[in-house]
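J.: Protein sequence lines correspond, in order, to chains A and B. If you number the first sequence the way the numbering used here does, the last residue is 1478 and the count never jumps. If you number the second sequence the way the numbering used here does, the last residue is 1478 and the count never jumps.
In case anyone wonders, no lab produced these hints; they're calculated from the structure. Here the structure is a predicted model, which is why all the values come from computation and not from measurement. Each hint should be verified, as a subset may be incorrect.
For chains that are exact copies, the list does not tell them apart, and a pair is met inside one copy or across any two.
Listed next, the in silico BS3-like pairs over lysine-lysine satisfying Cα-Cα at most 30 Å (straight line) [to be verified]:
no., residue 1, residue 2
1, 1183, 1264
2, 1129, 1109
3, 1427, 1374
4, 1172, 1183
5, 1172, 1216
6, 1220, 1075
7, 1427, 1446
8, 1216, 1129
9, 1446, 1172
10, 1374, 1183
11, 1220, 1102
2 protein chains.
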Amino acid sequence: MITIKRAVLIALGDELLSGIRREGNCAWLAGKLSRAGWKVECMEIIPDGNSSLSPFLEKWIGNTDLLVLSGGLGPTHDDCTRQALAAFLGTGLERADEAYDKILSRYPDDMRKNLENSRDTQGIIPSGTRPLHNPAGSALGVAFEKDGTKVLAFPGVPVEFTAMAEQELSGELGPKNGTWASVLIAGWAESLLKDRLAPVINRRELHITILPAPGLIEFYIRGTPENVARAAEDVRALVPNDWLPEGAGSLAGAAVMAAAEKRLTLACAESCTGGMVGAALTSIPGSSEVFFGSAVCYSNTAKKSILSVNEEILLHHGAVSSLCAAEMALGAQKIYGTDIAVSVTGIAGPGGGAPEKPVGTVWFGLADRGGVETVKRIFTGDRETVRTRAKNFALDRLWRKIREAPGE
Amino acid sequence: MITIKRAVLIALGDELLSGIRREGNCAWLAGKLSRAGWKVECMEIIPDGNSSLSPFLEKWIGNTDLLVLSGGLGPTHDDCTRQALAAFLGTGLERADEAYDKILSRYPDDMRKNLENSRDTQGIIPSGTRPLHNPAGSALGVAFEKDGTKVLAFPGVPVEFTAMAEQELSGELGPKNGTWASVLIAGWAESLLKDRLAPVINRRELHITILPAPGLIEFYIRGTPENVARAAEDVRALVPNDWLPEGAGSLAGAAVMAAAEKRLTLACAESCTGGMVGAALTSIPGSSEVFFGSAVCYSNTAKKSILSVNEEILLHHGAVSSLCAAEMALGAQKIYGTDIAVSVTGIAGPGGGAPEKPVGTVWFGLADRGGVETVKRIFTGDRETVRTRAKNFALDRLWRKIREAPGE
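With the rest of the complex left out, here is chain A (with noise of 0.2 Å):
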């Protein structure tokens, strides 16, 4: 039995009401406190300045198990939070020199007298509330409990907010022991992986969230830790092929994390995607080890004098064929000297389409110590939506040709 607790979050500041900066804090803290079995009942974003918060902390105080406030805890005049809290309160402002003094502690000796000017503002907080060190700013937070609401305020800060909410909601946040599992799925349209897995999605004594990513899809499971382990067992056991192992959280990662333990080494040829997927693998840190290199030729010349893509090819075929692919992956292969090279080579759109081709087709090839083989996709979307399905559908054939290949 998994009980329910409630959240609002609200976010503060007229940068998030005209579109100068989208609401990260409350958006990221909603993920967190979802997966740890809460339900946040309403986010709420409002401008900066005391009257605009006062109405929300009479809404929701008493009606909620926690409120977030994030940002208006600085030192200029337009960061009211504190002042609204005090006034909500019944109370008045007093400083925490002990917890100031110990943010200012961290900072060397000419910033600290710059901070001391702002004690009297980010430094006081509502008399009667606990102050709230902040590891990463120079902003206190404060926190109290009123008629069964926990009520938590942050600057806005996004690394202040971050490192603030996971240092006081730890308890709330961290991952408890086995009550909840995530296995992440490639190569499955949504409703397919519905069907398959409805053995698991039916158990009535599961949690169970379906949650798109990159190229992937996560199977979120909440439950009693024998629930969980079961069901995420059962859950690979459907779709032996296509789970991510425990820390791969992307399908590149899954790519370099699979030939780091085969002693693989992996290169690319791109042309839509003009380095996407070079830039995907090198996201991982550690890639060095086992990624040489992508090599980007858009133009048919570049294609022919650096991947030794043979002319008649691209004469009778066109870029945008099954024996391009294989050259181009071939190419890659051999002029980096690695083990296996993937090859991307379509039309991305808006031109460029025609009947036989249309925007959206997209070859691969997967070249390895035993030869090449190639694959078609037809994306549909706008540019950058088939270049990033290209992006995704590369690194999943090149995960998959890694595990099929021998090692070292």
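Please build the complex by placing chain B on the supplied structure of chain A, with the hints as guidance.
T.: For chain B alone, coordinates are given in the frame of chain A:
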């Protein structure tokens, strides 16, 4: 004199509160409205279902100029926006057959039959309200005015929301001739730029917003047509070498545009960015006219074999050095046969740093027909931040190099 109208935006959706999807519709519209001179007073993200919306209708209708709802108009039992609006208006629901027929006429026969089944859910509106055509999906929107508030309800599917918002608010959102201008400026820190542009910023007749964009700062000006035109001209004169031409929405766009104008061809050699520069350039439609490719050479072996970087340089100076950056740029220029090439080689972290070359050190090379030059930067931040900053800096320098170069 600019009239400021007020808007409130509400997004419905359990998936927005559970961290499954990040709210984007209201954030997008807030940016659009703010640019058109509106003040967005509040954005609220609330659960699906009738009961959650009603108090917000009570609260805002009559208290703001525009209320936009996103979501809750689909065919499932969770979709209760129509019901909540009808209850608020004290009226019933009725079929808007003409409007729904107009939507169905866009679909092929087999789908039309299916959608016919949804006529009593997606095709109904509260009596006395106006049905809104949906050019991108099958659910009708709803519009009415009450107590001085214009209420618009759009489906939550992003492509439908944006299409309908642009359709219904075109009079409000469209760039009112000359009442705004946007100047994108490259290569400046925000605080220094504010000092430089103070003579324009301090004009009382203008409303100025400074917005960060990737590698750029956007200087956004509102006011009367003649004041705006003069201010934009003065801004450009104050940063004569740093403003992007109209139509170039990004550094990559500016580089591709400049190269196309001068009929110059481009290539890259990338190490730590792993393909990000090539991916950015190829994100611009038509880039194939000027961009031939990028040699992503992550390993030293690839730098030697593909870009002909001298082994002695790698041994004595390392891959992150001025000499290596120079040879990489020259190598890319040569193998792709282009007029100009840019190279990037650096330490993105988290590993690989040393006291004399800390994490964040990145060397850039720029080769043209006249020779090659290099420049070093040390970027702060985590792996992805360093990589992104390096990508933006490379594009900035590439753009400037193209402008300096003589045309073909």
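J.: All the hints need checking, so say for each whether the structure fits it.
T.: Taking the hints in turn, this is what the structure says about them:
In this homomeric assembly, residue 1183 and residue 1264 come within 30 Å of each other (Cα to Cα) only across copies, at 25 Å, whereas the closest approach inside a single copy is 59 Å. In this assembly of identical chains, the alpha carbons of residue 1129 and residue 1109 lie at most 30 Å apart whether taken from the same copy (18 Å) or from different copies (23 Å). Proximity of residue 1427 and residue 1374 under a CA criterion of 30 Å is satisfied intra-copy only: 21 Å inside one chain copy versus 38 Å between copies. In the homo-oligomer, the alpha carbons of residue 1172 and residue 1183 lie at most 30 Å apart inside one protomer (14 Å), although the nearest pairing across protomers, at 68 Å, exceeds that limit.
In this assembly of identical chains, the alpha carbons of residue 1172 and residue 1216 lie at most 30 Å apart only when taken from the same copy (27 Å versus 54 Å across copies). In the homo-oligomer, the alpha carbons of residue 1220 and residue 1075 lie at most 30 Å apart inside one protomer (11 Å), although the nearest pairing across protomers, at 36 Å, exceeds that limit. Taking CA atoms no more than 30 Å apart as the test, residue 1427 paired with residue 1446 passes inside one copy only; the shortest distance there is 11 Å, against 44 Å between copies. Taking identical chains as interchangeable, the C-alpha atoms of residue 1216 and residue 1129 lie at most 30 Å apart whether they share a chain (13 Å) or sit on different chains (25 Å).
Taking the shortest alpha-carbon separations for residue 1446 and residue 1172, neither the intra-copy value of 60 Å nor the inter-copy value of 37 Å comes in at or below 30 Å. In this homomeric assembly, residue 1374 and residue 1183 never come within 30 Å of each other (Cα to Cα): the closest approach is 63 Å inside a single copy and 51 Å across copies. For a Cα distance limit of 30 Å, the shortest separation of residue 1220 from residue 1102 inside one copy, 17 Å, qualifies, whereas the shortest one across copies, 36 Å, does not.
Taken one by one, the earlier hints fail for this structure at numbers 9, 10, listed in ascending order.
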